[in-house]
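First residue of the sequence shown: 23, per our numbering; consecutive thereafter.
Just so you know, not all the hints are guaranteed correct.
To be verified - Per label pair, the in silico range of CB-to-CB distance:
id	residue 1	residue 2	range
1	Thr406	Asn78	14 to 24 Å
2	Arg302	Asp67	18 to 28 Å
3	Pro521	Glu346	45 to 55 Å
4	Leu305	Thr406	45 to 55 Å
5	Pro130	Val71	22 to 32 Å
6	Arg136	Pro521	34 to 44 Å
7	Arg84	Asp523	39 to 49 Å
8	Gly308	Asp115	36 to 46 Å
9	Ala224	Gly94	41 to 51 Å
10	Gly415	Glu558	34 to 44 Å
11	Pro387	Arg127	46 to 56 Å
Just so you know, the hints here were simulated from the structure itself, not pulled from any lab data.
Glycine residues also receive a C-beta, built at the ideal position from the N, C-alpha and C atoms.
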Amino acid sequence: MAPPPAQVYSPPVSPAGGVPVRPTGAVPRRRIGDVLVERGLLTPDQLAVALAEQANVEGDRRRLGQVIVGLGLATERQIAQALAAVLDLPFVDLGEVVVDRDAARLLPLGLSRRLGVLVLGRTGTELCLAIADPTNVIAFDDVRLYTGTENLRAVVATESQIKDRLGRVWSLSEQPHDVSSYGDAVDTPDDELDVSAAADDAPTVRLVNRILSEAVRAHASDIHVEPQRDGLRLRYRVDGLLRPVMTLPRAAAPSVISRFKIISGLDIAERRLPQDGRTRLVLDEGVVDTRVSTLPSVHGEKIVIRLLTRAEELPRLSSLGLLEEQLAQIRRALDAPQGLILITGPTGSGKTNTLYAGILEILRPELNVVTLEDPVEMQLDGVTQMQVNQRTGLTFSRGLRAVLRQDPDVVLVGEVRDTETANLALQASLTGHLVLTTLHTNDAPGAVTRLIDMGAEAFMVGSSLAMVVAQRLARRPCASCAQPDHPDPALLAQLGLGPADLEGATPRIGRGCDDCGGTGHRGRMGLFEVLPVSAELRRVLLTNPTEGAVADAARAAGVTTMRSAGLAAAARGETTYAEVLRVTPSPGESAH
Numbered sequence: 023m024a025p026p027p028a029q030v031y032s033p034p035v036s037p038a039g040g041v042p043v044r045p046t047g048a049v050p051r052r053r054i055g056d057v058l059v060e061r062g063l064l065t066p067d068q069l070a071v072a073l074a075e076q077a078n079v080e081g082d083r084r085r086l087g088q089v090i091v092g093l094g095l096a097t098e099r100q101i102a103q104a105l106a107a108v109l110d111l112p113f114v115d116l117g118e119v120v121v122d123r124d125a126a127r128l129l130p131l132g133l134s135r136r137l138g139v140l141v142l143g144r145t146g147t148e149l150c151l152a153i154a155d156p157t158n159v160i161a162f163d164d165v166r167l168y169t170g171t172e173n174l175r176a177v178v179a180t181e182s183q184i185k186d187r188l189g190r191v192w193s194l195s196e197q198p199h200d201v202s203s204y205g206d207a208v209d210t211p212d213d214e215l216d217v218s219a220a221a222d223d224a225p226t227v228r229l230v231n232r233i234l235s236e237a238v239r240a241h242a243s244d245i246h247v248e249p250q251r252d253g254l255r256l257r258y259r260v261d262g263l264l265r266p267v268m269t270l271p272r273a274a275a276p277s278v279i280s281r282f283k284i285i286s287g288l289d290i291a292e293r294r295l296p297q298d299g300r301t302r303l304v305l306d307e308g309v310v311d312t313r314v315s316t317l318p319s320v321h322g323e324k325i326v327i328r329l330l331t332r333a334e335e336l337p338r339l340s341s342l343g344l345l346e347e348q349l350a351q352i353r354r355a356l357d358a359p360q361g362l363i364l365i366t367g368p369t370g371s372g373k374t375n376t377l378y379a380g381i382l383e384i385l386r387p388e389l390n391v392v393t394l395e396d397p398v399e400m401q402l403d404g405v406t407q408m409q410v411n412q413r414t415g416l417t418f419s420r421g422l423r424a425v426l427r428q429d430p431d432v433v434l435v436g437e438v439r440d441t442e443t444a445n446l447a448l449q450a451s452l453t454g455h456l457v458l459t460t461l462h463t464n465d466a467p468g469a470v471t472r473l474i475d476m477g478a479e480a481f482m483v484g485s486s487l488a489m490v491v492a493q494r495l496a497r498r499p500c501a502s503c504a505q506p507d508h509p510d511p512a513l514l515a516q517l518g519l520g521p522a523d524l525e526g527a528t529p530r531i532g533r534g535c536d537d538c539g540g541t542g543h544r545g546r547m548g549l550f551e552v553l554p555v556s557a558e559l560r561r562v563l564l565t566n567p568t569e570g571a572v573a574d575a576a577r578a579a580g581v582t583t584m585r586s587a588g589l590a591a592a593a594r595g596e597t598t599y600a601e602v603l604r605v606t607p608s609p610g611e612s613a614h
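Working from the sequences, and respecting the hints, build out all of it.
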């Protein structure tokens, strides 16, 4: 049982914590937009833009705060704090709060998520609850009706934190007795009919649904279901790294894997060849698009489920972590009528999100935007998207030729993989098209020379290329358990730093807690290197330069490297020095 709310919040308004909620709900004293302007978080012009955006879509019921966050003008936390100030309610960081699990389960998970409410605890005849929208009178009425408790005390929390804590309250990993019962309920099938039947059994269906739901709540990008010698291992990829979740009994493997194949539209009879599929799932957490891949192994089929970001959840360009100058440079390149913009980095570095954020930045009715992808990661409204299909001969180069006959203004090519595609992209960017694409290199200068190495003419690269953006994703310290860090001198030496370089720095590191799964990290930020192709760099490119010559020209132009951006972020406590060393290339590192 959690400690009394007073020990958690200690608000001045009540010894029990929170503020009593009247039957009519919370009544705003001031408008939230005015509070944001007063606090210097928004300018009057930005508020006007947000209000216009809110009224722009007919039937759109988004709250003003949601619109402001969507536009990247303020964070969800800042909006929640302003809303709390408007209503004279306490704001609570749920990462610092002990939640009474029994009290939180007084409301079903689905209802709690729909209302945006988390019951924090019970004191006598009162319930204390965190709510994302205290002006929602119906939410308070539903809580009273379902719990039979009339006396409610409210605090304001962010919607994402409420959803996250609800996920842990109902966490599969914290209920191992349930998992073992699923394992006992399924036996290894003797034939195909039995596999199909077992896959549809209630215990298997519930288990697979819980695996999917928990992965969404954990903000996992992938689910790995792996048959091992002694069991079925389940892991989630969170913040770029795999985390073990549980190991199911070996007997559960056939039915669990068959269940994943059934919901993905794959052939459960085919176990010898890899298969690929995709599906759209409806979970308590919302609608989730997935891409599924199977792989035969010595212990049975392995399945990886990629949880795809939905278009409405895509981060905007302004919220990716770009420095202010970098953001302005990219926007100028996107506003140009033609040119090639290259996004470069290894697999899993966030290139696709940056591509899509760039498209959303310029998307408007008068533009014809066409994409060529392998595969289509997410569907964008107002964009024509085409998927490469090697089996039918629809390669990137063949598809790009077809796209260019469709009168496009903007073309997104998922990846430049060969000389023909590279030359087509360069030619298209010279003939009135803005082309965005990706390339696998370590840094921005390396991308320039890589195009030349692929067979593109240096003068074509110099004439067509508008910008190269290299990027990495670095994990953030967990906000719930972060504390001041004293980096190891040996680590600093590897980064070329000494004690004097830390003067004025405020590095932080996570200790590990329930919120971050004991890792000390939660969430990621982008580290970027933005290289505009200036007139001086074009002159260098005409000499068929080495990567070192391009890098020298970039340094002379004052380009901030990913390593430099990472060190600055670590000094601010936004990531750690160990993460910067892990994810960013060192100066002079080869781009190939």
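Results for each hint:
1. Thr406 <-> Asn78: 14 to 24 Å: holds (23 Å)
2. Arg302 <-> Asp67: 18 to 28 Å: violated (39 Å)
3. Pro521 <-> Glu346: 45 to 55 Å: violated (29 Å)
4. Leu305 <-> Thr406: 45 to 55 Å: violated (29 Å)
5. Pro130 <-> Val71: 22 to 32 Å: violated (39 Å)
6. Arg136 <-> Pro521: 34 to 44 Å: This hint is violated: roughly 53 Å between Cβ atoms.
7. Arg84 <-> Asp523: 39 to 49 Å: holds (44 Å)
8. Gly308 <-> Asp115: 36 to 46 Å: violated (24 Å)
9. Ala224 <-> Gly94: 41 to 51 Å: 44 Å Cβ-Cβ, so the 41 to 51 Å window holds.
10. Gly415 <-> Glu558: 34 to 44 Å: holds (42 Å)
11. Pro387 <-> Arg127: 46 to 56 Å: Since Pro387 and Arg127 have Cβ atoms about 48 Å apart, the given range 46 to 56 Å holds.
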